[in-house]
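> Chains as they are written, first to last, in the numbering used here: chain L, 1 to 79; chain S, 1 to 240.
Don't take every hint at face value.
[Unchecked claim] Straight-line C-alpha distance at most 30 angstroms; calculated BS3-like pairs for lysine-lysine:
1. S:Lys73 x L:Lys10
2. S:Lys73 x L:Lys59
3. S:Lys35 x L:Lys64
4. L:Lys19 x S:Lys113
5. S:Lys22 x S:Lys230
It is worth saying that the hints were derived from the structure and are not from the lab.
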Amino acid sequence: MKAKIHVTLKQGILDPQGKAIEHALDSLGFKNAANVRVGKYMEVDLNETDRTKAEAQVKQMCEKLLANTVIEEYRYDLQ
Amino acid sequence: MNIGVVVFPGSNCDHDCEYIFKDVLGQSVKMIWHKDTLPAGLDAVVLPGGFSYGDYLRTGAIARFSPVMGAVKTFAREGGLVIGICNGFQILLEAGLLPGVMLRNTSLNFICKDVYVKVENAATRFTNRCESGQVLKIPIAHADGNYYTDPVTLGGIKANAQVIFRYCTAEGKVTPEANPNGSLDNIAGIMNADGNVLGMMPHPERSAETVLGNEDGRLIFLSMLSAFGKTEQQSRLVSV
């Protein structure tokens, strides 16, 4: 099974990178682009066929390492 | 005093810390590879600056799982002195030994320069040789030093006098202009509730010797010695 994981900053947490990109988009002429937020995307192959077990593992991975839940939230797809 | 300096892959201030404690202050120092455990008999542990694991994922996020960190947590829980400088501070945050996280500097730049910090609490084992409100000039060198925590935690650490250093002007005024990285409340260093774990972004080991033109950082290390009943004279005698 493959887990596709997105880690993003929570709402309200300042994202200086996103801001810088937003300004760059603006100077490129994309005047209607707003609220750019930068996140991380990770893929993990799991040697597991049971969906429930895989989901529990991915959740643990996110909580323990992949996201810092003070400032970040995560979501994932299992395929 | 017996000091252990932890060496992670990517640490680059480990030898500076060793030099200050051993050659400048005359203490006994052991370098501890991150895959080892802490030797018995240590009085203090230093988590040095650098770029452990290349700052992959988040600063300090992977170093936190290094085998030695289990021993560091136990050491801290049992009351041992732990100081994390720069990347060491980031590791302490990720390890949960101190509250909060580091965000990217608001300028997005790696900032390497002398800054002024105000000693907010001089009644600690890391600042007892400073005066309350004293302004120290100590260099910073980081890209992720923008301290953040939730309002409840911030209120708690402030009420409990755990905010130890705040970025300020040369005159000691804590202003937004004196904040180099966007840090919440100008926070440059915090301590745990028990008072034995300190994290700070400025590098005192880079400003602890006359020949470097700045000795302000030395006060942090001398305070740690004082906490163990050692004096500057004793340490100087040994180092001569």
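> For each hint, tell me whether it holds in the structure or not.
Results for each hint:
no.	hint	in the structure
1	S:Lys73 x L:Lys10	holds (28 angstroms)
2	S:Lys73 x L:Lys59	holds (24 angstroms)
3	S:Lys35 x L:Lys64	holds (20 angstroms)
4	L:Lys19 x S:Lys113	holds (24 angstroms)
5	S:Lys22 x S:Lys230	holds (14 angstroms)
In summary, this structure violates none of the numbered hints.
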